[in-house]
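The lines below spell out each chain.
There are 4 protein chains.
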Amino acid sequence: MTKKVLIAGFTGAMGQKTVALVNSLPDFEIVAGLSPIAEHDPEKYHLPADAQIFEKLSDIPAGIADIWVDFTTPSSVYDNTKFALTHGIAPVIGTTGLTDAQQEELVAISKEKKQAGLIAPNFGMSAVLLMKFAQEAAKYFPDAEIIEMHHADKKDAPSGTALSTAKLIAKNRPEHETAPDEIESLNGVRGGDYRGIRIHSVRLPGYIAHEQVLFGGNGEALTIRQDSFDRQSFMSGVKVALEKVDQLDHLVIGLENIL
Amino acid sequence: MTKKVLIAGFTGAMGQKTVALVNSLPDFEIVAGLSPIAEHDPEKYHLPADAQIFEKLSDIPAGIADIWVDFTTPSSVYDNTKFALTHGIAPVIGTTGLTDAQQEELVAISKEKKQAGLIAPNFGMSAVLLMKFAQEAAKYFPDAEIIEMHHADKKDAPSGTALSTAKLIAKNRPEHETAPDEIESLNGVRGGDYRGIRIHSVRLPGYIAHEQVLFGGNGEALTIRQDSFDRQSFMSGVKVALEKVDQLDHLVIGLENIL
Amino acid sequence: MTKKVLIAGFTGAMGQKTVALVNSLPDFEIVAGLSPIAEHDPEKYHLPADAQIFEKLSDIPAGIADIWVDFTTPSSVYDNTKFALTHGIAPVIGTTGLTDAQQEELVAISKEKKQAGLIAPNFGMSAVLLMKFAQEAAKYFPDAEIIEMHHADKKDAPSGTALSTAKLIAKNRPEHETAPDEIESLNGVRGGDYRGIRIHSVRLPGYIAHEQVLFGGNGEALTIRQDSFDRQSFMSGVKVALEKVDQLDHLVIGLENIL
Amino acid sequence: MTKKVLIAGFTGAMGQKTVALVNSLPDFEIVAGLSPIAEHDPEKYHLPADAQIFEKLSDIPAGIADIWVDFTTPSSVYDNTKFALTHGIAPVIGTTGLTDAQQEELVAISKEKKQAGLIAPNFGMSAVLLMKFAQEAAKYFPDAEIIEMHHADKKDAPSGTALSTAKLIAKNRPEHETAPDEIESLNGVRGGDYRGIRIHSVRLPGYIAHEQVLFGGNGEALTIRQDSFDRQSFMSGVKVALEKVDQLDHLVIGLENIL
Numbered sequence: 000m001t002k003k004v005l006i007a008g009f010t011g012a013m014g015q016k017t018v019a020l021v022n023s024l025p026d027f028e029i030v031a032g033l034s035p036i037a038e039h040d041p042e043k044y045h046l047p048a049d050a051q052i053f054e055k056l057s058d059i060p061a062g063i064a065d066i067w068v069d070f071t072t073p074s075s076v077y078d079n080t081k082f083a084l085t086h087g088i089a090p091v092i093g094t095t096g097l098t099d100a101q102q103e104e105l106v107a108i109s110k111e112k113k114q115a116g117l118i119a120p121n122f123g124m125s126a127v128l129l130m131k132f133a134q135e136a137a138k139y140f141p142d143a144e145i146i147e148m149h150h151a152d153k154k155d156a157p158s159g160t161a162l163s164t165a166k167l168i169a170k171n172r173p174e175h176e177t178a179p180d181e182i183e184s185l186n187g188v189r190g191g192d193y194r195g196i197r198i199h200s201v202r203l204p205g206y207i208a209h210e211q212v213l214f215g216g217n218g219e220a221l222t223i224r225q226d227s228f229d230r231q232s233f234m235s236g237v238k239v240a241l242e243k244v245d246q247l248d249h250l251v252i253g254l255e256n257i258l
Numbered sequence: 000m001t002k003k004v005l006i007a008g009f010t011g012a013m014g015q016k017t018v019a020l021v022n023s024l025p026d027f028e029i030v031a032g033l034s035p036i037a038e039h040d041p042e043k044y045h046l047p048a049d050a051q052i053f054e055k056l057s058d059i060p061a062g063i064a065d066i067w068v069d070f071t072t073p074s075s076v077y078d079n080t081k082f083a084l085t086h087g088i089a090p091v092i093g094t095t096g097l098t099d100a101q102q103e104e105l106v107a108i109s110k111e112k113k114q115a116g117l118i119a120p121n122f123g124m125s126a127v128l129l130m131k132f133a134q135e136a137a138k139y140f141p142d143a144e145i146i147e148m149h150h151a152d153k154k155d156a157p158s159g160t161a162l163s164t165a166k167l168i169a170k171n172r173p174e175h176e177t178a179p180d181e182i183e184s185l186n187g188v189r190g191g192d193y194r195g196i197r198i199h200s201v202r203l204p205g206y207i208a209h210e211q212v213l214f215g216g217n218g219e220a221l222t223i224r225q226d227s228f229d230r231q232s233f234m235s236g237v238k239v240a241l242e243k244v245d246q247l248d249h250l251v252i253g254l255e256n257i258l
Numbered sequence: 000m001t002k003k004v005l006i007a008g009f010t011g012a013m014g015q016k017t018v019a020l021v022n023s024l025p026d027f028e029i030v031a032g033l034s035p036i037a038e039h040d041p042e043k044y045h046l047p048a049d050a051q052i053f054e055k056l057s058d059i060p061a062g063i064a065d066i067w068v069d070f071t072t073p074s075s076v077y078d079n080t081k082f083a084l085t086h087g088i089a090p091v092i093g094t095t096g097l098t099d100a101q102q103e104e105l106v107a108i109s110k111e112k113k114q115a116g117l118i119a120p121n122f123g124m125s126a127v128l129l130m131k132f133a134q135e136a137a138k139y140f141p142d143a144e145i146i147e148m149h150h151a152d153k154k155d156a157p158s159g160t161a162l163s164t165a166k167l168i169a170k171n172r173p174e175h176e177t178a179p180d181e182i183e184s185l186n187g188v189r190g191g192d193y194r195g196i197r198i199h200s201v202r203l204p205g206y207i208a209h210e211q212v213l214f215g216g217n218g219e220a221l222t223i224r225q226d227s228f229d230r231q232s233f234m235s236g237v238k239v240a241l242e243k244v245d246q247l248d249h250l251v252i253g254l255e256n257i258l
Numbered sequence: 000m001t002k003k004v005l006i007a008g009f010t011g012a013m014g015q016k017t018v019a020l021v022n023s024l025p026d027f028e029i030v031a032g033l034s035p036i037a038e039h040d041p042e043k044y045h046l047p048a049d050a051q052i053f054e055k056l057s058d059i060p061a062g063i064a065d066i067w068v069d070f071t072t073p074s075s076v077y078d079n080t081k082f083a084l085t086h087g088i089a090p091v092i093g094t095t096g097l098t099d100a101q102q103e104e105l106v107a108i109s110k111e112k113k114q115a116g117l118i119a120p121n122f123g124m125s126a127v128l129l130m131k132f133a134q135e136a137a138k139y140f141p142d143a144e145i146i147e148m149h150h151a152d153k154k155d156a157p158s159g160t161a162l163s164t165a166k167l168i169a170k171n172r173p174e175h176e177t178a179p180d181e182i183e184s185l186n187g188v189r190g191g192d193y194r195g196i197r198i199h200s201v202r203l204p205g206y207i208a209h210e211q212v213l214f215g216g217n218g219e220a221l222t223i224r225q226d227s228f229d230r231q232s233f234m235s236g237v238k239v240a241l242e243k244v245d246q247l248d249h250l251v252i253g254l255e256n257i258l
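Chains as they are written, first to last, in numbering that gives the first Met the number 0: chain F, 0 to 258; chain Y, 0 to 258; chain G, 0 to 258; chain D, 0 to 258.
It should be emphasised that the hints constitute simulated quantities derived from the structure, not laboratory data.
Mixed in with the good hints, there may be bad ones.
Copies of the same chain look alike in the list, so a pair counts if it fits in one copy or across any two.
Claimed, not checked - Derived lysine to aspartate or glutamate pairs resembling EDC-like cross-links, with alpha carbons at most 20 Å apart: (1) Lys154 with Asp192; (2) Lys3 with Glu242; (3) Lys153 with Asp229; (4) Lys154 with Glu183.
Since the model is a prediction, treat every value here as computed from it, not as a measurement.
Based on the sequences and whatever the hints tell you, model everything.
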């Protein structure tokens, strides 16, 4: 049975990649798009000719689609997600900008409604698997450090994925004493400290987006590395989300948690 | 409740490391050792003073221990494992040399007897996790190659772990077409071909034992690497096996399958 | 003093990158372009308004430029290089397709004429430095293996740069005995053998163009790695060639030999 | 012609490795040893039977050896080096602890006496070549960061070799503007800052001693990595020093400067 998809933000770069992806999947069909600025001409945006284009949430009938893919803006993502959850549509959210409090509220709503959904800060499968594996490895290797490497134009550090990885490791590793008596003869050289997990951010021209997690144990080491060369890579994760989201019974945060 | 351990091959290098490990674990106790050559002086081998030392299988009472750790020889491992399985002791086998047919027979016996046990060709946690993660990643990244690197004295290639990894990937990845029209202008340069997964073996002085699995997808890459610097690393895997083996209901092959 | 540059093949992708590069360098000036197909409208191709456009070699006056940059085609590169060498212009050749015999003849002409020039199969500075360093390291580490990794669409293996690197190592390393008694249980797993140096070619989607040289010695290892993410990287090598070519007294093969 | 070697500190671990090395080299001969504590029994320390053993500097005749290898203590290395330089013996100093001022004074003495010599903080050839190559690459890739990785017991950071590498890069790279407007949302995450070169120190169990230098440029990257698995690796550098030291005309700091 074909699943019906609504794409919020279908005119943007990620939205258009999603349009192309869903069009290529035999078991999915685009039935609608949401955009406050789009013309009412579906084919201009490579949507099926009979897809409906909506300008605002209040125009959208409940249950018009099975899945709501969202690549919109930080200012609209909260309202969009809430609307989907309360109108029988499973949200798959790639838009960033939700606060922790908003996420918790949305999860609570989803549990009450028994409505499936997914919020994924990162749809790159290599990054998602890195996080999943790091979380598992931490059970056996409590000693871990993270090195992330990005192009020189990325001005903030650490990357969101590196910080998420550190959080997952911290949550999963056994109680662990860290070295109390280290000496830095050059300030900062041991990196940033997230609950005992050191994070190192490299910024160099030429690089794109890369992350390594290094685990060390008695006489051995384990390293997990991912390289993102191109945002096209996100679409493999969106595909996985489309295929898996309706097996959930509430809103899940993180693609790594539904693999 | 303290679990009772018998160590077969307690006089060897790995056996002695196991003795030290079990002595350090509060929830485990060495009650016996098996060795055709040892003197009957437990403390000489760092065993508890009241541990029993047996010379041959027929001297060992059924149920004397909960767990049988085996670091013996290829010629005795089959009889030892069978004895443990049929005398109510869960075998944890680090000895190599069992044939595929012998393994199958032992598994069948374990299922009939509902007897837990584990055969682990590799107890290094970094190698074990690499295999586990490679197996999972293959579902999302069907394109994979393996590079293993060992010291120059290792004359055979590929390594057993590399081949095991390739088998796990082959079994788990989706149906996948591989490039039919490659041209090698230097024979062998594309590596060994295990069901479409290329394996590359590097042999260099200085290196110890290392393996990388490279996955490539649309615009991204994922790499899992493990480094073994020292056989001491095996003991972390033995510890995991001791803790988990009695949760099984039959003989399992591969530590990665009980994590 | 400003140096005058002629660009052969200025309409192509690499030619246009070269136009942009030379326009950005204060000490260099484009005075002419060679193209059998271009319109006689310099500004259309971002050339200075007074640059001359030539359709064929015989139209070009001797000495019109100091340097001849060539990104043309395999069928014209030999004639172009010979013309430059014999008309007082230092060729900087990025076009591939010259045979070994043609290269030798051109070098001989350059020596007779005492004419500077450079043929560079690879202008990527990371690849060029990798080759230079590998050549130096081989004096101290005779044991080396090469791993090159390219996108899955590259059907031939090994890459030209990998083979060039192996040749440089073979020429520079001390007399060296290699293991005679290796056993491949999977055919090809030890890679391609260039005079005792093993080359391994990885082909995976997502990857772009990467090469590693691994050296191993007593208790230590040295690895040199380069990653090419974008052909834009070639322009840093062209800039180096422009700056250094007139310090030569004959035609040199390989940018790594003039650093 | 056989060169005569005196080994200061021949009873220590590195001293004994040096004894074994020199004994294995046909063109070198141990003629003397210096140790305040050794017995006067050369063969006990694997010295040739006719080697002389001295307790203190004042007992050593001028010119007794061509080369003075020193693996002693921080408190004696200055006097030893000065003695060698002023008594016609080329010092090869592996002992650490000389201050910058002492090094400068010793170099000045060597120039006045035209006496060859070498001070090498690190004799590992992989580390030495890494420093040499990093210094060369910096001319073409001014953007560089350093990651060094050591076992968890190393309490100080960064490593001496990492800092030396940063100094060499800073000295050799062209004038270079670094990002002024970076934001660290986790303090220290961008590493230690040595004149614009970021250094990151990883400390994990299992690791031994490793360093990477990462260079990034337009569309490409170059990485140089060295791994020290065993102090045995130092002997390859001592051998190079023995072979090259007498070609110098003064005291040189750093093995990388005589390759």
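Okay, the hints, checked on the actual structure:
1. When the C-alpha separation of Lys154 and Asp192 is checked against a cutoff of 20 Å, the pair qualifies both within a copy, at 19 Å, and between copies, at 16 Å.
2. In the homo-oligomer, the alpha carbons of Lys3 and Glu242 lie at most 20 Å apart inside one protomer (12 Å), although the nearest pairing across protomers, at 48 Å, exceeds that limit.
3. Taking CA atoms no more than 20 Å apart as the test, Lys153 paired with Asp229 passes in both settings, with 15 Å inside one copy and 19 Å between copies.
4. In this assembly of identical chains, Lys154 and Glu183 lie within 20 Å of each other by CA distance solely across copies; the values are 8 Å between and 24 Å within a copy.
Hint check: no violations occur; every hint is consistent with the structure.
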